[in-house]
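In case you want the letters, here they are:
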Amino acid sequence: MPSLLVLIFVIELAVQLINSIGAATINTLVWRIATSLPFPISKQFAEQRTKQKEYLAVRRELTATSSQDQFAKWAKLRRQHDKLFEDLEKKKSALDASQATFDRYLTTARLISTRGLQWFLPFWYGREPMFWLPYGWFPYYVEWFASFPKAPIGSVSIVVWQWACTGMLTLIFETVTAIVGLAAASRQKQAVPVAGAGKRPGATASSGEKKEL
Amino acid sequence: MSSAALINTDDPDALEPTLQSILDQRSLRWIFVGGKGGVGKTTTSCSLAIQLAKVRRSVLLISTDPAHNLSDAFSQKFGKEARLVEGFDNLSAMEIDPNGSIQDLLAGQGDAADAGDMGGMGGMMQDLAFAIPGIDEAMSFAEVLKQVKSLSYETIIFDTAPTGHTLRFLQFPSVLEKALAKVSQLSSQYGPLLNGFLGANGSLPNGANLPEMMEKLEALRATISEVNSQFKDDRLTTFVCVCIPEFLSLYETERMIQELASYHIDTHCIVVNQLLFPKPGSGCEQCTARRRMQKKYLEQIEELYDEFNVVKMPLLVEEVRGKERLEKFSEMLITPFVPPS
Numbered sequence: 001m002p003s004l005l006v007l008i009f010v011i012e013l014a015v016q017l018i019n020s021i022g023a024a025t026i027n028t029l030v031w032r033i034a035t036s037l038p039f040p041i042s043k044q045f046a047e048q049r050t051k052q053k054e055y056l057a058v059r060r061e062l063t064a065t066s067s068q069d070q071f072a073k074w075a076k077l078r079r080q081h082d083k084l085f086e087d088l089e090k091k092k093s094a095l096d097a098s099q100a101t102f103d104r105y106l107t108t109a110r111l112i113s114t115r116g117l118q119w120f121l122p123f124w125y126g127r128e129p130m131f132w133l134p135y136g137w138f139p140y141y142v143e144w145f146a147s148f149p150k151a152p153i154g155s156v157s158i159v160v161w162q163w164a165c166t167g168m169l170t171l172i173f174e175t176v177t178a179i180v181g182l183a184a185a186s187r188q189k190q191a192v193p194v195a196g197a198g199k200r201p202g203a204t205a206s207s208g209e210k211k212e213l
Numbered sequence: 001m002s003s004a005a006l007i008n009t010d011d012p013d014a015l016e017p018t019l020q021s022i023l024d025q026r027s028l029r030w031i032f033v034g035g036k037g038g039v040g041k042t043t044t045s046c047s048l049a050i051q052l053a054k055v056r057r058s059v060l061l062i063s064t065d066p067a068h069n070l071s072d073a074f075s076q077k078f079g080k081e082a083r084l085v086e087g088f089d090n091l092s093a094m095e096i097d098p099n100g101s102i103q104d105l106l107a108g109q110g111d112a113a114d115a116g117d118m119g120g121m122g123g124m125m126q127d128l129a130f131a132i133p134g135i136d137e138a139m140s141f142a143e144v145l146k147q148v149k150s151l152s153y154e155t156i157i158f159d160t161a162p163t164g165h166t167l168r169f170l171q172f173p174s175v176l177e178k179a180l181a182k183v184s185q186l187s188s189q190y191g192p193l194l195n196g197f198l199g200a201n202g203s204l205p206n207g208a209n210l211p212e213m214m215e216k217l218e219a220l221r222a223t224i225s226e227v228n229s230q231f232k233d234d235r236l237t238t239f240v241c242v243c244i245p246e247f248l249s250l251y252e253t254e255r256m257i258q259e260l261a262s263y264h265i266d267t268h269c270i271v272v273n274q275l276l277f278p279k280p281g282s283g284c285e286q287c288t289a290r291r292r293m294q295k296k297y298l299e300q301i302e303e304l305y306d307e308f309n310v311v312k313m314p315l316l317v318e319e320v321r322g323k324e325r326l327e328k329f330s331e332m333l334i335t336p337f338v339p340p341s
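Chains as they are written, first to last, in the working numbering: chain A, 1 to 213; chain B, 1 to 341.
FYI, nobody ran anything at the bench for these hints, they're computed from the structure.
Computed from a predicted structure; not experimentally measured.
Beta carbons are placed, not taken as given, at the ideal position from N, Cα and C, and that holds for glycine.
All clues given are correct.
Below, a sample of chain A positions facing chain B; criterion: calculated Cβ distance under 8 Å: (1) Q68; (2) F71; (3) A72; (4) A75; (5) K76; (6) R79.
Just chain B, same shape as in the assembly (with noise of 0.2 Å):
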């Protein structure tokens, strides 16, 4: 058995194994990288961004991840506010917190009235906020969403973090609607009613503003509706699936998978990662039997993803950091990989 062979490729029903199509995709606005913890999301991210760099006018990548680790691939710090990564002149990178922009979101609507006044009212948005599991996440994509529009950006990569649950508010758009629909319903027919008894400013009592908190819930379900307008078309968004050639990282991008499909959110991408291909007659005894079982897998995978684009990357003997280790590895997503034989 030669332990560096790929899997059998020859095969022309089977897409190309790398993520050309997503180059050539000019339509995509939104990307999104995502899969278990430690699998290499934020390397195969960068990497795509500095591919998509080369073929569109502007990049941005994004990273959810709270641990944020964009600053150490990039050995540049990045902060809340968009920076362009150095060495390229259409490449830029910010680190947002989920659930820190919410915080500054709501924090920021109590600074812009007054103070005193806005108490109250802050703290109703907040109790709203975190009522609804999930919104938080859609609140935040949603702010991003606002100041990434007013930047023009061509594409945006998000690194998102491993919880799984990133885009867990797609699954309840329709109820949310709903509801807020029938909130904001209700106060235009009984506010009125109600200012007439909670005196003419419409204040309620602990200091909120009745017709101006439905005005903010309004704009919150016409944010969150457009955000899943934008994230459920498959020619401006799509999801990359990175994972390693093991069972439990195969088991949550599969369920990661489905949990997309249910979301309607288009993936045609999976990236396997930390492939290990060691050199014919290596006397490393665990790396051929990691290959061996490695190999399992992805048999696997070619069998199971077969309408995807399967992406296979080795696993390098150095870290890879800064710009030009990350360009090399990058080419990789584009041009196969070929193991030493």
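Chain A on its own, in the form it takes in the complex (with noise of 0.2 Å):
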């Protein structure tokens, strides 16, 4: 079953994506595709947008408008920015709202095809045999283990595949991580001596005071 090993694999591989990239950031990024989507929620976003770009011009003319000078257009004004940020606020409580919503459906949606998965597969297909091994390769206590828990012997289970894919994308994955963080701190290496370079010989001749007193 082939399909299977690759549903397996990208499962794992999911998990370990959202795992390192996080899961909020996920939400988030997504949110903000789906509000620049021509969904109707995006309407509705452009126009707080606009709205907000209205409300921001209606104060910088109040606060250009002198009161005492201009009674009426200042209250006038006034009276619009009132309107404008009583609609905004109310506006955005609805966006928030809206938004929690939608996060909470992501959150279960993606529970459901990386958890639920990583449980249910495991658990449909233990009796069946992901690929054979080579008869007569390996000893009985690896074809055991191999095929464990329920499969025939001699087998992979799905179990000991899934085993086998998460230490591997772990393995992966830290090296990565590894290899960036190295490289990073390497590139913060360079960078920190040409920063520092002025201030080193004060920064030993002071050291060296202390070490005199």
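Please assemble the complex out of the two chains, which come individually in their own frames, going by the hints.
Now the structure itself:
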């Protein structure tokens, strides 16, 4: 069953990716994409943005208008300002609420498609062999372990395949993170001496003084 | 520049600069007169009362301002009971103290039942009453309304205190009503249970009586909601804003109008008081300078409040006190003042 093999791998890959990127980041990213697509919610967002711009313009004009010299204009702007502000607040809370709902749905969907499948697939396909080991290549205890818990002996079970995928991916991700970290650190190290070059003699001098004291 | 010229009133869309609309609106029952301190609220409310008395069966003028200027304006002592104004047969006036009346109300409750038993009850009511901002005003208005209802006046004019918070209780009717409704619902549901704990007559620890208190709260809720519904009805109630053509007064007026709009109280009249009309050729430097400033603000008022009846009242050389002077002054609320040219 190569498709199941690939599926398990993809799920594990997704879990690893989500873990390393962060669920909240993904949620905000998807939310941003959803709001920039031509859905009704994105229209609301655009409205909110134009309203915000309008509000800021009115506010700027309000601060630029002298309340003593042009009271009528000032008061009219003030009314407009207050109304816009109220509208904005109301809209903002509505949008926040819809974002929270969206987040909730997204989280549920994500959990079902990753953690849910992670548990469900091994449970459902526990007795099926993923692929067969070449006959006679491995000793019995290795074959027994490879077929753990319920797959026929001599095959690799879904659970073991999952473990293998997880282990591999963890290893790869850790390596990548370490390399990236190292690269970033080395770049920083290169940058530090340039910035600190001028200060260095002073620093040694001060430490020397301390020693004398 | 003719310093005596009025602001352009040729605009056909502009509403007439008089309070005639208030006189014509026969359904009006409550008229509030309000504004910053010292702008002439009392003079305006007295004048409006005099004019209304000419076209209504009976008019009552109530001052809720603790400073109580009605007595000064009419040169006659008024008290907590409505009294006819001298020289009129259908115009009465009374002065009430919003804070005093709630104390009276609470004290009255204390007296109504056993003095010893009600001591705690009064305290509890008082605590409750002062815990909610504006409830004292609400209760005093409710009390006034109750009194006034039995007296059957056609129109009642309130000369309000200059605090600007006179009507703030209208802000929280729904919250208060909801809270009180919940409390009474709870008490009716769990009353029997509580009574089991509290003893047969449901007396609370400090001598209060649970069912009785709930009854009182329920009555309070009912009266407040009635006050609200009456004051928010633009057929029954209107608010007359009084201001002087100066920045702070205008600012306060604008704020008040916005606030009133948020309470859904109708307001369509502004009285601009203390306008200077120096005689042509008058050598008074201060007067012409001030007139120029007033003119600037008047123009702003005309521009901003184009949906209002803006009444312009001159600053007189004498104090507006006594019946005759008030009557003469009140004429100008109806027929616009024509400055000497």
